[in-house]
Amino acid sequence: MTHQPCPSTQGSTLIEVLVAALILAIGLFGLLSAQTNALMSARQAHWQQQARVFANNYVEGVRARGGTALAGSLPARWQSRLERRLPGAEFSLTTLPNSGVSQQLTIEWTAGPVEARRTLSHFFSP
Amino acid sequence: MKSVNGFTLIEVLIASTLALVLITTAAELLVSARDWQRSEQHHSKRTEDIRLLSTLLRRAVRSAGDPGCHWQWRTNLTKAPRLSAQPAIANPLNAAIDSESDVLVIQRWQPTGKAMMSAAVSENAVISLDRDHNRRFGHPVLVSADAGASCVLFNQASEAPKDLNRGPGWAGEASTTGASALNHVPEDGYQALAGMLTLYEPERVAFYIDDSVTGSSSSLFRRRLSAGNRREELLVGINVMQLVYAVDPDRDGNADAWVSATNVEDWQQVVAVSVRVQLATAASPEEGWIIITQALRNGPQHD
Numbered sequence: 001m002t003h004q005p006c007p008s009t010q011g012s013t014l015i016e017v018l019v020a021a022l023i024l025a026i027g028l029f030g031l032l033s034a035q036t037n038a039l040m041s042a043r044q045a046h047w048q049q050q051a052r053v054f055a056n057n058y059v060e061g062v063r064a065r066g067g068t069a070l071a072g073s074l075p076a077r078w079q080s081r082l083e084r085r086l087p088g089a090e091f092s093l094t095t096l097p098n099s100g101v102s103q104q105l106t107i108e109w110t111a112g113p114v115e116a117r118r119t120l121s122h123f124f125s126p
Numbered sequence: 127m128k129s130v131n132g133f134t135l136i137e138v139l140i141a142s143t144l145a146l147v148l149i150t151t152a153a154e155l156l157v158s159a160r161d162w163q164r165s166e167q168h169h170s171k172r173t174e175d176i177r178l179l180s181t182l183l184r185r186a187v188r189s190a191g192d193p194g195c196h197w198q199w200r201t202n203l204t205k206a207p208r209l210s211a212q213p214a215i216a217n218p219l220n221a222a223i224d225s226e227s228d229v230l231v232i233q234r235w236q237p238t239g240k241a242m243m244s245a246a247v248s249e250n251a252v253i254s255l256d257r258d259h260n261r262r263f264g265h266p267v268l269v270s271a272d273a274g275a276s277c278v279l280f281n282q283a284s285e286a287p288k289d290l291n292r293g294p295g296w297a298g299e300a301s302t303t304g305a306s307a308l309n310h311v312p313e314d315g316y317q318a319l320a321g322m323l324t325l326y327e328p329e330r331v332a333f334y335i336d337d338s339v340t341g342s343s344s345s346l347f348r349r350r351l352s353a354g355n356r357r358e359e360l361l362v363g364i365n366v367m368q369l370v371y372a373v374d375p376d377r378d379g380n381a382d383a384w385v386s387a388t389n390v391e392d393w394q395q396v397v398a399v400s401v402r403v404q405l406a407t408a409a410s411p412e413e414g415w416i417i418i419t420q421a422l423r424n425g426p427q428h429d
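Protein sequence lines correspond, in order, to chains A and B. Residue numbering for the first sequence is 1 to 126, as defined by my numbering. Residue numbering for the second sequence is 127 to 429, as defined by my numbering.
Treat the hints with care, since some could be wrong.
Unchecked claim - Now the in silico label distances, taken between C-beta atoms and shown as ranges:
(1) B:L351 - A:R52: 27 to 35 Å
(2) A:R77 - B:S210: 33 to 41 Å
(3) A:T95 - B:K288: 52 to 60 Å
(4) A:L28 - B:L351: 54 to 62 Å
(5) B:A275 - A:R77: 41 to 49 Å
(6) A:G66 - B:I417: 14 to 22 Å
(7) B:E359 - A:R52: 19 to 27 Å
(8) A:P97 - B:V311: 57 to 65 Å
(9) A:Q104 - B:N355: 38 to 46 Å
(10) A:R52 - B:S244: 44 to 52 Å
(11) B:T388 - A:P97: 40 to 48 Å
(12) A:Q104 - B:D392: 33 to 41 Å
(13) B:P411 - A:L14: 53 to 61 Å
Calculated from the structure, these hints are not laboratory results. Glycine included, each C-beta is placed from N, C-alpha and C at the ideal position.
With the hints as extra help, turn the sequences into a complete structure.
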């Protein structure tokens, strides 16, 4: 008499265990990248806000000086403050060609580990 | 009988090594996820704090010194107390607020509502409205006509709930001597007001730092004259507030110096304010400093 075991009592093979482990690993990796993305976007929003506050402060400072721009460059004090707050920050000020009065202030910084540059443009007339 | 063999030793070893690696990774991930979440919450909270702070302070300073109606059209009838133009930014030392940090005080005329006149045109002292104005006797009132350039500032000289009175004052004994007249009578007659009116009241807002009602830290507080000077806790987790004022003594529209409150000689000369606050939510005290600079939008105040 031969006993035919029911298939459900068979153990899993090594290849099955490996496939299961691979699927689990992919799942964990997905979770990891979702977390990283969430963190980066929170940080990004924070930097964006910092840049916005900075741009507004600059414009209001210019207004307090009766619209005299700070010669297109930042005083050293502002520059160092900007760099402390935003990684790899750069600042530029251009007069819009068609108006002669309106100016564009651009703040650019490095967005985290992916090395992408982010910019904030702020248009104003002193 | 292959199917009942189970695992070989080598299979069990490989599987358990894999399981161990996976479980360790998952555990580490769990721990770091918690840290990340904390860090993310911290960033969001800070971003939100900065946004709120910036909105509140910028809006307040921008509105500071709002005259209600243009100086050119304003007739000031007030006599006792005589209302002279208040500076947009007031001296915080007079604000009677006890705070270890600096105090920001702004002043402006604030619109409190619209009213229609009962008569088509009012050229006498009494301005009858179609609704209650909630102005008590002796309190300052600024009324401007929405159409046309008429605007008048006076002390309310009537107890009637729907009547504003820009006349000399209470018809009591003291008024016969003229000493306690609330308003003076204009030589060329009262300014004609017509149609829809906007009523204003003097507003004074103070921002300061005090101990939070939560007990754990200090907060940004506000007191508004229009809200009965009650204290309103706006933002928890602000340690320090420092203020510097841009002053323009030669009135050429170009700020000449940034000075602290004790060095402001004339508050009418202030053209911009820079608020420096330290947020308690920051990872380091150095990182916590936020600067908000705002220029005033309303020019020097006239009498």
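Report task. Of all the hints given earlier, name the ones this structure violates by number, lowest first. Result -> none
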